Amino acid sequence: MDNLILVVILPLLAAFLMPAMARTSEVLARVTGLMVLFISIIIITSVWGSVDEQAVSYAIGGFRPPMGIVFYIDQLSLLFALLIPVMILLFWPWNKVTHIREYSLMMLLTASASGLVLSGDLFNIYVFYELLAVASYGLVVAQGRAGKKGEGAALAASLRYLILGAVGSVMMLIGIAIIYTQAGTLNLAHLALLAPEKLNNMAGLSAFALILIGVGVKAELFPVNTWVPEVYGAVSTRLSALMAGLLSKLAVIVIIRVLVLLFPQPEALQLMTILGMLGVISGELVAWRSRDMIRMLSFSSIGQLGLVFVAFSIPGDMGLMAGFAVALHHLLVKPALFMLASGWTGPLESLKGAAKQSPYIAALFVLLVMSLLGVPPLPGFWAKLLIVVNLASQAAPVYQFALAFVLIATVIEAAYLYRVVMILYHPNQGQQASVREKHKAFELVIASGAAVILIAVALQVQSMETKLSSMARQTGDRQHYINTVFSKLDLADIYHQNKVQQTDFRSNNQLQGSK
Amino acid sequence: MRNISSLLFSGGLAFLLLVLATQLPFGHTSMLLGNDILQAAPDEVGTGNIVAAVLLAYRGIDTLGELAILFTAAASVGLILGQRSNHSAKRDKTITESHFITSRASDLMMPLLIIVGFYIIFYGHLTPGGGFQGGVILAIAFFLPVLTRPGTTIDHGMITIIEGLAGAGFIMIGLWAMLYGKPFLQPFFDTFLGNGIFGSLWSAGTLPLLYLAVGLKVGAELAGLLVTISEAPAAEVERT
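Chains as they are written, first to last, in our numbering: chain F, 1 to 515; chain L, 1 to 240.
Just so you know, these hints were derived from the structure itself, not from any lab.
If you're wondering where the values come from, they're calculated on a predicted model, not measured in any experiment.
Each hint should be verified, as a subset may be incorrect.
If you want the footprint, here are the derived chain L segments under chain F, 3+ residues with CB under 8 angstroms [unchecked claim]: (1) 11–21; (2) 32–38; (3) 65–73; (4) 156–163; (5) 173–179.
Ideal Cβ placement from N, Cα and C applies to all residues, glycine included.
Turn these sequences into a full structure, and let the hints guide you.
Next up, the structure:
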C-alpha cells in the first residue's frame, strides 16, 4: 500500500527528466512515459480490492495527520487511480506530438490527476488541481496547433479557457482561505470533525459556493462551461475525449469529497441541484440546436455533467450511488462517441447515408447513443432510473423541479439523437460521402471496447449494483474517513484541543460584547 | 453590453467578498494548526525558519506540486513561443550594444548575485529566504547578461538538463527515504545526517538538499522562461 504514492511520484519524475533525456535519445524519452503508465497500473492492480472493507491513509513524510499531508485511499480513489493511467494510455498521442514536451505534459496530467483523487488535504488538492489545469492549458495549445481548425482558433480557445480556468482557481483558493480562517486546518478529516461546529454558517456556505464554481470550470458546471464547445472543437479528438471523459469527473470527485465531508447541509445540496439542472437543460437545448457532431457531443457532455451534479445532490448514499453510476457511464460512453465523431466532422447534413458506407461504425454509434439516452437493458437506463427514482422520493420541492427538468431534458436528448441516427441511416448518400475522412483503426478499437464493456455491464447489472452501493456507502461515511486518518490517540488530542479553542472563542465574543 | 455585464459581475463578486470579509473574525484567526506547528517544528524538524519546516517537511508534497506547476507553465510557454522562434531564429542585428556603464555593471553584478542567491538557498532553513527566493536571484544573475548584451544567448540544452536533474533530485531525495522503509519525503533516516545541531548549516536532515534542488529548479526554470520570452520575435507579434 505504501507504494501507491509512486503512482503520483513516478509520472512527475518522468515528466521532469523527459526533456533532458530527449537530448540524448528521443526513443528512450518516449518509452519512459509508457513504462511509467504500465508500472502505475501494475502497482494499483496489486492492491486492488484491499480497501473494500477498510480505507487506508498514508502520511507523507511521516508527519502526524493534522500537521502533515495524508493520502486517503478508498474504493473511490483507487478506482480512479486505476482509470487515470488506463485512459491516458488509451489516448496516448503515439506519434502525433510536435515536441517531446507534450509527453511531459501528459505525464504531469497523470501525476496531478492521481494526486487529486488520492489526496486528503484541501490545499494539496488545490495544488494538484492547479497542476492539472496548467497541464491541460498546455495540451490544448499543443494539440490545437495540429488540430482541425488551425492555430489561430486553437490559441484563442485556449486563451479563453485559461482565463476562465484562472478565475475558477482563484475562486477555489478564496473558498479554501475562508475555510481556513473559520476552522484553522486544511486536513479533510480534521475539517470533517470541525465542520458541524465551524463551517455550518454563512461563511462556510459561501466557501462551498466558491469552491463549487471554481472546480466547476473543469467539471463543466452550468455558468462556467462556455469554454467547452470551443476547446473540444479546436483540439484533437483524443484530448477532447480525455477531457470530457476523465478530467471532468476528477473535478466532480473533488466536489463530492468536499460536499460529503465538510458541507452536509441541505442548502449546499440544493445549490448544486439548481446549478445541475440548469446545466442539464441548457446543455441539451443547445445540443439540440447544434448542427455539427463535435459541438453536439460537447453540449451533450455539459448536459450529462449537469445530470451527474443533480444525482450527487440527492442526500444520502443513494444519491452518491446514482451519481457514480451516471459519471462512470458517461466516462465510458462519451470518449467512445468522440472517437467515432472524429471521422464524421463537418455539418451533420453531410453525414447523410453514412451508415451505408460504414454499417459497423453506425451500429456502434447507435448502441452508444441508446445507452446515453437510457434505453432499457443498457447501463445508461439503470443509471437514469436510479436518479429518477431517488429524485421522486425526495420531499423538498427543488428535487421535484429537478425531476421535471431531467425528464424534459431526456426528451430533448432523444429528439436530437434520433435526428442524427435518421441522418446516418438516410437512404440517399450525402454529397461529400466520397471525401469523408476514414476512421482510424485505434478509434474503432476504443469505441468497440467501450461497446463490449457496455454490454458486459448490462449483463452484470446485479453485481455492478452491489459494487457501486458499497463504494457509495464508503464514500458517504464521514466517521469512517475520520477514523481512518486519525488514530484513537490523535482523536482524543483533537477533542481536547477543540474544547480549549471553543472557550477561547467564547471569551473573545464576550470581549467584543463588552466593548 | 458585454463590458457592462462583466462590470456588473465583477462588482457583484467584489461586494459579496466584502460582505464575507466583514463576517470573518479578523484578528482572531483560528491558529489551530499554526500553533501546533510552531511548537513542534523546532524539535521535530530542527529548522530555525519555521516556514521552511512547513514548506519542505510538513507540506513537502505541496512544494513538489508547485515546482511541477512552474515546470508545466514554462513547458507550455516553450511550446507556444519556442517553436516560432525556431524558424525565425535569426536575431535582429540592428539592436545596438548597450552602454559601457550598463554592461560593466552587469558584469560586476553577476558574481555577486550568484553568491547572494546561493547564500539565500543554503541558509533557507535557518533564516528567512529559501529555494524559491534564491532561485529567482540566480535566474536574474544569468538573465542580466542577456539583457545588457542583446547578442548573447543562453544554452537552452543546459537549462533543460539543470531543471530536469534538479526536479528529479527533489523526488530522488524523497524516494531515498523510502529505501530505508520510511515514508516518502521523510527528512530523517538512518545513516544520513540526522537532526544535526539546531542552528548550524548542516542540520534539519535532508531539508537543505531539498532547498538546493528547489533553488536550482526555480532558477533554471525562470531563466529559461525569461530567455524564451526575450527571444520570441517581436516583429512577428506586431504583424499579426
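Now for the hints, and whether the structure bears them out:
1. 11–21: Coverage by chain F holds for the stretch 11–21 of chain L (3 residues, Cβ < 8 angstroms).
2. 32–38: holds (count 5)
3. 65–73: Three-residue rule met by the stretch 65–73 of chain L, so holds; n is 7.
4. 156–163: holds (count 4)
5. 173–179: That given contact holds, which follows from 3 residues of the stretch 173–179 of chain L lying within Cβ reach (below 8 angstroms) of chain F.
Violated hints are absent here; each numbered hint is respected by the structure.
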